[in-house]
Amino acid sequence: MQDEPDDALMGRAGRGDRAAFAVLVKRHLARATAVAQRIVGNRSDAEEVVQEAFLRCWQKAPDWQPASRMSGEKSSGDRAQFATWLYRVLTNLCLDRRRRPQPVELEAAGEIADSRDDGFAETARGEIGRRVAAAMANLPDRQRAALALCYYEGLGNIEAAAALDISIGALESLLVRARRSLRETLGDLASNGGMI
Amino acid sequence: MMRMDRFRELLDAYGAEPGRWPSGERAAAEALLAEKPEARDLRGRTAKLDAMLDRAAPLAPPMIDAEVLIERVLANSQSQVLAFRPAKRPSGTAFWLKVASLAAAAIIGFLVGVTQLGNIGETSTQVGGLELADVSPWDVSPWDVSPWDVSPW
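The listed protein sequences derive, respectively, from chains A and B. Counting from 5, one number per residue, gives the positions in the first sequence under the working numbering. Counting from 4, one number per residue, gives the positions in the second sequence under the working numbering.
These are calculated hints, taken from the structure and not from any lab test. Ideal Cβ positions, reconstructed from N, Cα and C, are used throughout, including at glycine. Incorrect hints may appear among the rest.
[Claimed, not checked] Here are the simulated distance ranges between beta carbons:
no. : chain 1 : residue 1 : chain 2 : residue 2 : range
1   : B       : Pro40     : A       : Asp100    : 41 to 49 Å
2   : B       : Leu77     : A       : Arg184    : 38 to 46 Å
3   : A       : Asn142    : B       : Leu77     : 36 to 44 Å
4   : A       : Pro9      : B       : Gly27     : 21 to 29 Å
The whole structure should be built from the sequences, with the hints applied where relevant.
Okay, structure coming up:
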């Protein structure tokens, strides 16, 4: 069962096979969690979002159609088919979560993002890492989501665009603006360390 | 061959690593890279931003235990199913048992009420042999009078 494609596992899960569902969860949990942490910016929200995404996966399973029978999906294979669906659900949940009113003032957002139990800050190493983390946290949500999906988690542009429900051109536009913003925000690091 | 402005767009969007470039354009971009020093220079500058972005990665391992998450999801799913499941109609036998119970309770209540009606005048001023006027809540400790000592009749 470990080697079965996602579609087959979804079919089994749809017939109530919990072991098949468990394989799916274990297969996608690490990347889904990483994506969620990078978009929502903190562990507790990321955990809730990932749990909700897999709950929807379990609920969707009885109605799951193999890739060849699903319409309107941009995918290169069965595995990508499920992943595309999962990351679209996950990304939407993350963006919804980010749209909720934040309990901090905008002016303090950078500092808070740097000091919270944060998906960026906690893994950053040293001053440059913390600066990059804060700059990432201050990007507009969709730009950060595009960067998280494409740059950090290595999704192809077709999958990432599908996850954000936009065209590839729109995805590239988000990525360009995100990287340009980061280059400007971190410009002083470039002059100090010759990084850029 | 790929145009330089498209190559610049690729770098601006996807970064300097060819593995991140769209697979359909990768070969053309790499050909341009091999041929044009300007392209290599652009890629070098982009790689510096990539190196900075990499300082924020990788993330810590997943904090959610897969088994715990699976249990939570399945339990949550079950509770939602139960929450949305319409209430089952009682079977015929159960329905008539409930009706009979309610009728019996009503009859017993009526009989008790009728038999106690005549005693109201006699017991209204005395409870368990005590004059109500003589009993103050400050005089009687709740431990002195047990509810079992005082008959309601």
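Against the structure, the hints come out as follows:
no.	hint	verdict
1	B:Pro40 with A:Asp100: 41 to 49 Å	holds (47 Å)
2	B:Leu77 with A:Arg184: 38 to 46 Å	holds (44 Å)
3	A:Asn142 with B:Leu77: 36 to 44 Å	holds (38 Å)
4	A:Pro9 with B:Gly27: 21 to 29 Å	holds (24 Å)
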